[in-house]
Amino acid sequence: MLRALAEPQRRRILTLVRHGELAAGEIAEQFDITHQAVSQHLRVLRDAGLLRERRDGTRRLYAIRPEAIQSVREFLDELWPASLRRLKSVVEHDQRRAGEDRR
Amino acid sequence: MTDGTYTTSVRIDAAPGDVFPYLTDAALVVRWMGDWADLDPTPGGKLVIDINGVPIRGEYLVVEPPHRVVFSWGAAGSDTLAPGSTTVEIVLRPDGDGTLLELAHRDLPAEELPRHGVGWSHFLARLVSAGAGRDPGPDPWATA
Chain W
0 MLRALAEPQR
10 RRILTLVRHG
20 ELAAGEIAEQ
30 FDITHQAVSQ
40 HLRVLRDAGL
50 LRERRDGTRR
60 LYAIRPEAIQ
70 SVREFLDELW
80 PASLRRLKSV
90 VEHDQRRAGE
100 DRR
Chain H
0 MTDGTYTTSV
10 RIDAAPGDVF
20 PYLTDAALVV
30 RWMGDWADLD
40 PTPGGKLVID
50 INGVPIRGEY
60 LVVEPPHRVV
70 FSWGAAGSDT
80 LAPGSTTVEI
90 VLRPDGDGTL
100 LELAHRDLPA
110 EELPRHGVGW
120 SHFLARLVSA
130 GAGRDPGPDP
140 WATA
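Residue numbers (numbering that gives the first Met the number 0), protein chains in the order written: chain W, 0 to 102; chain H, 0 to 143.
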């Protein structure tokens, strides 16, 4: 799922559909890249479980899956422990370097 | 999150005095959280951190080097985590040769929130936390 999110155009697609369902064509209109490339992005997002795809006649409609939107709790669970691990790593790295400089 | 508080901790092999600047100096903060920061670490001073385009806004409330810092926290434009609506307290306790850092994020909204629009900015923020050790670089779409 994070790989699906790592691409800025895919993140932009998610922001486009966050308030409601859009057809593939409507999404593609927002981009300068080919419709084919947009379709590829939509497929990745769908396969990652971030988008729900629905057929309406010949149109394919996309909406964000509620599961893709995190609760505040989940957000903090992602943010703080990972940030503090980075803090630990950065401080300890700097300390080691400072120690080496003193020698 | 029934009590509205989120807590976590980490042990760091450095004295509290060596850790504290990483909570107040913008150039040091961005090395572990966010990609841009503007900080005024005095009571009432601003705390501005952009985490992959998510504009975190707050104020320093308590600054007691090298043991304790408290700041308000929220995301500009967010209803669920409005700027200044929640509070983060970080306490640094000596632990042998190192420091035990304890973080408490308080006054959080209740878990039952409307799905619509909840945490959209948070959703993007997870990219940053997931990319530990990786610089995500500027995100041209983040502010679009």
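The set of hints was computed from the structure by calculation and includes no laboratory data. Treat the hints loosely; a few may be bogus.
[Unchecked claim] Computed, partial: chain W to chain H, Cβ under 10 Å:
| # | residue |
| --- | --- |
| 1 | A23 |
| 2 | R51 |
| 3 | L75 |
| 4 | R84 |
| 5 | V89 |
| 6 | D93 |
The C-beta atom is built at its ideal place from N, Cα and C for all residues, glycine as well.
Going through the hints against the structure:
1. A23: Since chain H brings no Cβ nearer than about 19 Å to W:A23, farther than 10 Å, the hint is violated.
2. R51: violated (13 Å)
3. L75: holds (5 Å)
4. R84: Holds - the Cβ of W:R84 comes within 10 Å of chain H, reaching about 6 Å at its closest.
5. V89: holds (5 Å)
6. D93: holds (8 Å)
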